[in-house]
Amino acid sequence: MLRRGIAIFFIVIGLLLTQGLIVLLHGNGGIYLSVAASVGATICSGVVGLVGMARLRGQASTVHRDLREMARTGKLAALRSDDPDLLPLIDGINEITTAAQQVVSRANISVKELEIRLKVAHAERQHAEAILYSISDAVLVTDSFDELVLANESAARTLDFDLAHAMRTPVQSVLHDEKLINLIREMRQSNSRSERRIVEHSVSTSSGGRTYKVTLACVADRNDLTDSRPAGVVAVLHDVTKEKEVAEMKNDFVSNVSHELRTPLASIKAYVEMLIDGEAEDDRTKREFYDVIQNEANRLGRLIDDILNISRIESGLVKVNRQPQSLGVIIREAVEVILPQAKQKNIAVNEGNTPIFYQTPADRDMLYQALLNLLSNAVKYTPEGGRIDVQTEVDETKKTVVVRVVDTGVGIPAKDVPYIFDKFYRAEANNRMAKGTGLGLSLVKQVIETIHGGKVFVESQVGKGSCFGFELKLMD
Amino acid sequence: MSAKTILVADDETHILHVVSMKLKNAGFNVLTASDGQEALEIALAELPDLLITDYHMPNLSGLELCQRLRQEPSTSNLPAIMLTARGYNLQPEDTQNSGILRMLSKPFSPRQLLTTVNEVLEKLAA
Chain A
72 MLRRGIAIFF IVIGLLLTQG LIVLLHGNGG IYLSVAASVG ATICSGVVGL VGMARLRGQA
132 STVHRDLREM ARTGKLAALR SDDPDLLPLI DGINEITTAA QQVVSRANIS VKELEIRLKV
192 AHAERQHAEA ILYSISDAVL VTDSFDELVL ANESAARTLD FDLAHAMRTP VQSVLHDEKL
252 INLIREMRQS NSRSERRIVE HSVSTSSGGR TYKVTLACVA DRNDLTDSRP AGVVAVLHDV
312 TKEKEVAEMK NDFVSNVSHE LRTPLASIKA YVEMLIDGEA EDDRTKREFY DVIQNEANRL
372 GRLIDDILNI SRIESGLVKV NRQPQSLGVI IREAVEVILP QAKQKNIAVN EGNTPIFYQT
432 PADRDMLYQA LLNLLSNAVK YTPEGGRIDV QTEVDETKKT VVVRVVDTGV GIPAKDVPYI
492 FDKFYRAEAN NRMAKGTGLG LSLVKQVIET IHGGKVFVES QVGKGSCFGF ELKLMD
Chain B
63 MSAKTILVAD DETHILHVVS MKLKNAGFNV LTASDGQEAL EIALAELPDL LITDYHMPNL
123 SGLELCQRLR QEPSTSNLPA IMLTARGYNL QPEDTQNSGI LRMLSKPFSP RQLLTTVNEV
183 LEKLAA
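The listed protein sequences correspond, in order, to chains A and B. Its first residue numbered 72, the first sequence is counted upward by one per residue in the numbering used here. Its first residue numbered 63, the second sequence is counted upward by one per residue in the numbering used here.
Among these hints, one or two may not hold up.
Said to hold, decoys possible - Taking lysine-lysine and the DSS-like style, the derived pairs with C-alpha atoms no more than 27 Å apart in a straight line are:
| # | chain 1 | residue 1 | chain 2 | residue 2 |
| --- | --- | --- | --- | --- |
| 1 | A | Lys357 | B | Lys86 |
| 2 | B | Lys66 | B | Lys185 |
| 3 | B | Lys185 | A | Lys284 |
Hints were generated in silico from the structure; no laboratory data involved. What you are looking at is a predicted structure, and each value in this text was computed from that prediction instead of being measured.
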């Protein structure tokens with residue numbers, strides 16, 4: 072009886088430990104920890120019970136062996152073999168042994184089951200963690216004491232804390248962001264189980280400010296539906312910096328486009344009204360007004376074409392017709408178109424010697440437009456009597472061709488050079504030289520880089536001239 | 063009463079031309095400038111009665127021009143009308159204390175501009 076008591080004592084101790092740990096962990100809320108601890112503690116109880124059982128079996132079998140030995144050597148006879156008390160004793164001991172062996176084998180099975188469950192729980196936790204870690208959004212989970220119980224690498228990176236030392240630590244000592252700490256605290260206190268809260272939040276990092284969309288939700292304790300207290304808060308920080316930038320760029324673009332469209336429209340409207348009001352007294356003035364209206368209407372048309380072309384290329388909607396093209400032929404055609412304008416300003420255009428047999432996979436119309444834009448800029452920004460050279464350089468080994476349009480023009484100030492291919496960007500110093508929309512070079516960049524996979528470049532020196540060029544792949 | 067002198071500043075030649083013609087036909091003396099810096103120099107030298115300026119101009123914006131003129135004793139009371147395609151960019155606090163009395167947005171009507179000019183000058187004379 073004493074030995075059975077010892078075994079039961081061990082099992083009870085084990086069970087108490089289990090329950091105690093579960094209760095303890097529930098208080099703190101961590102769901103994962105609670106599951107893992109519950110499995111662990113159950114195994115612990117099994118092992119404690121198992122040790123008790125093994126002792127029971129050892130002691131029982133010793134007694135059994137001793138009694139058999141005594142019986143064999145006849146010592147038992149001295150106890151009087153017909154002693155009626157002896158047989159039930161032996162039977163009893165046998166029963167203990169059998170029962171104990173059954174307990175041990177059952178415990179062995181339980182241990183195996185628990186080992187499997189632990190492995191499954193471990194795998195599930197790893198899986199959940201892998202998912203959490205693969206999310207690019209920063210994820211923070213806190214418990215009912217505002218202690219951090221779960222976070223991913225992105226959170227540690229974004230909010231600048233050490234993931235390894237942050238667990239089970241109050242958020243106010245982990246995070247340096249007062250507003251975020253307050254958001255988490257307010258969310259837990261608000262106690263809204265169903266409602267999510269979405270807040271836009273700016274975080275300043277060493278690499279500049281970033282904007283996040285923070286989604287906050289309460290985690291309810293699933294095991295205790297009667298308790299209205301939330302077990303914690305989940306905060307997910309989604310980086311919307313890029314989206315904000317795109318929205319701003321879009322806004323800038325629309326505002327620039329509308330300004331560019333309004334300017335020629337303003338002229339057209341004003342001159343038409345002047346004609347209607349009879350402000351143009353003589354035929355010469357009237358003729359002048361008609362010309363202005365026509366030119367400004369053409370400018371408006373070109374502007375709309377440029378905007379549409381850029382927009383279509385950028386959005387990937389443009390139909391590209393890439394065929395083997397002779398670069399020499401396209402250059403010759405573009406130069407011929409620009410010659411009359413160059414002659415007006417007494418500018419010499421030297422076409423160089425582009426061999427026509429080199430071919431490049433290109434959309435003829437687009438490449439022609441890009442070349443024309445470069446040549447037209449060269450004419451616009453080169454003073455009277457200047458010179459424009461079109462140079463071509465073929466690299467047979469790299470299978471590339473470089474085209475340069477070199478002028479003796481006013482040049483571009485160094486501060487403007489990095490932005491010269493940007494939409495609507497115009498070097499302020501050269502505004503007076505010529506009218507422009509700031510779209511021509513942007514279109515060249517799109518045609519060469521987006522459509523043809525080439526590269527544009529520029530070199531410029533104020534007062535000496537500019538060299539705009541691009542590199543394209545030749546046909547294999 | 064001698065004709066009033068109006069300074070018009072705009073980097074768009076066509077706009078400059080059409081506005082000056084409208085004003086000249088209405089009997090005003092007109093001075094023109096094709097950027098903010100030039101307008102500042104002419105305003106200080108000629109002391110016009112009114113300034114009509116574009117907002118977006120090279121070297122010195124229309125707003126900067128008005129603020130600079132405000133600081134000069136000889137032009138601190140020069141009234142201005144702003145003619146701009148970017149009126150939405152300007153907040154009321156920007157134009158405060160800049161001498162800008164009215165804003166007209168491009169595209170504009172030369173007829174309406176003339177009416178505005180007359181209203182502003184009459185109000186100032188009263």
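Hinted pair, alpha-carbon criterion (27 Å max): A/Lys357, B/Lys86. Please report holds or violated. 16 Å, holds
Given the hinted pair B/Lys185 and A/Lys284, is their Cα-Cα distance within 27 Å? This hinted pair is violated, its Cα atoms lying about 52 Å apart.
For the pair supplied as a hint, B/Lys66 and B/Lys185, is the alpha-carbon distance within the 27 Å limit? Measuring from Cα to Cα gives roughly 14 Å; hence the hint holds.
In the structure shown, a violation is registered for the earlier hint numbered 3 alone.
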